[in-house]
Amino acid sequence: MTTSNHDDDRRDFLKKSVFGTAAAGMVIASTSHATAQTVADAAEPEVTNDVDVLVVGGGTAGHVAAIQAGRAGAKTLIVERNSQLGGTTTTGGVAFPGLFDAWGKQVIAGIGWELVKESVELDGGQLPNFARVPQRHWQNQVYTNQFLYAILAEEKCAQAGVDIAFYEFPQAVTKTDNGWQVDCVGFGTNRRVRCKQIIDCTGGAEVVGMLGLPRLKEEERQPGSFLFMLGKEHQPGRNQIHRLYVHGADSTNSRTATEANLTGRKSILAKVRKEKKRLMHLQPETGFRESYRIEGETLITVNDYTSGRIFDDAISYAFYPVDLHTKTGVRPKPLKPGKVPTIPLRALIPKASRNIIVAGRCVSSDRLANSGLRVQASCMGMGQAAGVAAALAANAGTTPLEVPISEIHTLLREHGQIVPDKA
Amino acid sequence: MKERNRSFVSLLTAFSFVVLVLTGILAFIRPFSIQIVGLHALIGFIFVGLIALHVANNFNHLSRYMRTRILWSTLAITVGLTALFLWQPAPIRSILSLSQNLGPALDRFEMKDNGLVYHYSPSPKYKMVLTIRAGKAFDAKTPPHVAIWLENASFYHIKTLREPDDLTVGRATLHYWDFKVRGWEQAKRKAAKSEKELKEQLDVDGVSGATQNSSFDPDDYVLPTDQDIPMPYRLLIEIDQPNDDQPSLVYSVIIDNSDPRAFQLLDLMGYPKREDDENNDKEMWALYFVDERFDSALELINSALLMIDRN
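Order-wise, the sequence lines are chains A and B.
Under the working numbering, the letters of the first sequence match residues 1 to 423, in that order.
Under the working numbering, the letters of the second sequence match residues 424 to 734, in that order.
Think of the hints as simulated: they come from the structure by calculation, not from any bench.
Careful, some of the hints might be misleading.
Stated by the list, open to error - 25 Å max Cα-Cα, derived DSS-like pairs, lysine-lysine:
(1) B:K582 to A:K333
(2) B:K696 to A:K339
(3) A:K327 to A:K339
(4) B:K696 to A:K336
(5) A:K105 to A:K336
(6) B:K696 to A:K105
Claimed, not checked - Here are a few chain A residues that sit away from chain B, every Cβ distance over 10 Å (derived from the structure):
(7) Q135
(8) N261
(9) L269
(10) R278
(11) D313
(12) V340
(13) R367
Just so it is clear, CB atoms sit at the ideal spot from N, CA and C, and this is done for glycine as well.
Looking at chain A on its own, in the form it has when it is part of the complex:
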């Protein structure tokens, strides 16, 4: 008996040793190493930065604005409350960032396109053929790998000399003689930023709200989308993810955003239990479609949008159907052939403000126009224009609205953006 037990023990030991070694080998084989740089005065919670341009929000418009401002020579800092850049494209998982083409030709290029193109190429993906007539409006959307996109955005920020501060958000904004003092808070960090210009890319114009400038908001907002994949493998850069509409989703503040995320996850859990399928992928948060919009120096109406009005101070094209999501879904209203809307600089400037510009879905527009303008490619175009305007204003010691539009256009073209024809 004893001998037998002893033999069993030896066999168990050998088995465990073999499997254990194999398992350990796998762990070793799949672990690579990187060393984070030492952060100076990491133990010190108080930090102060003097910059030309502060970009608040590293989402769809924000990272493009920051890269552009940095490339234009402005000392730039970007603060982002989440852990990565890219916003809706990356954290929201809508990794098919809108439309860069219209009617057979590219209308939005620049830094946003550079990132999209590079992430697709690095991922071995395929770019759409813009000469092909899309049957459905989304067929020319580019499928990007959301993970690669986020990393490339960081790399381009670093190359442009842009400093990144994750997990931080402004708590107070004070006007100074030559710009702003912005107090940001992150965990273990209180950052004071003295800057000449602010680019508000928070989506909901949070900084504009802090300054008490007027904002517009609908009684009822479009549903947000929580993206996930149930039952089958998600292949980033190749397909769309399943979508859950979170009705009432509101990104006004952390409490409303928390509620949207909890509701979304709870519903997905119920779905998993009901359908008895594996949850293969889940984005970290809801993709919000609508919150505040600024009241700008001008307002883009749906007629401006659908007629393809070329504003005198147009800084970028936009292209997407009028796309209002409701409780019953969405029925996009395509634009008439040949029509390509434009975005004026004045729609990015909060009314009666100085030294602050916005970019992204909070652009000054009516609700229907905004339903098309809010899409990522257009927001990237706005971001780049805001980056140029803020950098030029910081350099000239003026405000974005007073920068000659021709200078903005010239710099935009130099950085690969397509400027509307009439301009």
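Starting from the known structure of chain A, arrange chain B on it as the hints suggest.
What follows is chain B alone, placed relative to chain A:
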């Protein structure tokens, strides 16, 4: 007994003739009705049989008539009228245009020097007229191949309104229409085989939420029972001028009964180009935006105006 049979056949022939006349008049003056036209056709078949019996009963009289000189004049009149009605010159067309019923096909297509006109009226409540004005490159002597069809919101062909005159050449020239029709026919065959609903055979777009309606019954779009339910659909034309060495062009317009408009201009969509679907080894045709290579094809039509009278 023989006399009784003759009377029976003659009276039956006469009464059938009365029904044929009445239904014929109704079919001409009223919009198309399957009841009237069906009655007319079925009584017509019986009438043909009765005529055969009538001829048999009166063969001696008939053979005597055949031996007179009247035979040739009656034959000439018959041939002349047949040719005239087939040719349909303007006066005949104007008589036909008095009819509310455009025939079982419910449509009429006219090719003129200054363009093309297509009428479609499946109901007194719905009259569609598509007027295509000729452009500089339009040559009425070698008229263009034209196909007109409807697609649902999922971009599936649901009904061809007008096939090209020469179907064989048309199919070889109007690639996009041909591709759409073949896809439709294939889906129908599959549906018949599997006894599934047609819409289950087709890959209906469920991703974008853009196509909440995906019916494949043209009536759901053209004659919707509930005007409040948005059922947008598209009318497309593909047109090609023979011998111009340029591909056909496709024009389209979206029709939305919830946003009814009496007049709409068709927009140029593009030209068809074959694509190889490597994954499925299937022939695919897609539309491409026209580029600088196009000249005469763009001048084939000046405009295409769609008018819909929803009464």
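Consistency of the hints with the structure:
Distance check on the hinted pair: K582 of chain B and K333 of chain A sit about 24 Å apart at the alpha-carbon level, within 25 Å; holds. A C-alpha spacing of about 24 Å is found between K696 of chain B and K339 of chain A, which places the hinted pair at or below 25 Å, so the restraint holds. Between K327 of chain A and K339 of chain A, the direct Cα distance comes to roughly 28 Å. Violation of the 25 Å bound is thereby established for this hinted pair. For the given pair, K696 of chain B sits about 23 Å from K336 of chain A by alpha-carbon distance, which is consistent with the 25 Å threshold.
Taken as a hint, the K105 of chain A and K336 of chain A pair is honoured in the structure, with Cα atoms around 15 Å apart against an allowance of 25 Å. Taking the CA atoms of K696 of chain B and K105 of chain A, the gap is near 18 Å; set against the 25 Å cutoff, the hint holds. At roughly 5 Å, the least C-beta separation between Q135 of chain A and chain B is not larger than 10 Å, which violates its mark as non-interface. Annotated as non-interface, N261 of chain A keeps its C-beta farther than 10 Å from every C-beta of chain B; the closest such distance is 22 Å.
Residue-level check passed: L269 of chain A sits 23 Å from the nearest beta carbon of chain B, beyond 10 Å. The non-interface label for R278 of chain A is consistent with chain B: the shortest C-beta to C-beta separation is roughly 21 Å, beyond 10 Å. Listed as outside the interface, D313 of chain A is consistent with that label: its C-beta sits roughly 29 Å from the nearest C-beta of chain B, beyond the 10 Å cut-off. Non-interface status of V340 of chain A relative to chain B is upheld: no Cβ of that chain comes within 10 Å, the nearest being about 13 Å off.
The beta carbon of R367 of chain A sits about 18 Å from the closest Cβ of chain B, which is more than 10 Å, so the claim that it is off the interface holds.
When held up to the earlier numbered hints, the structure conflicts with 3, 7 and fits the remainder.
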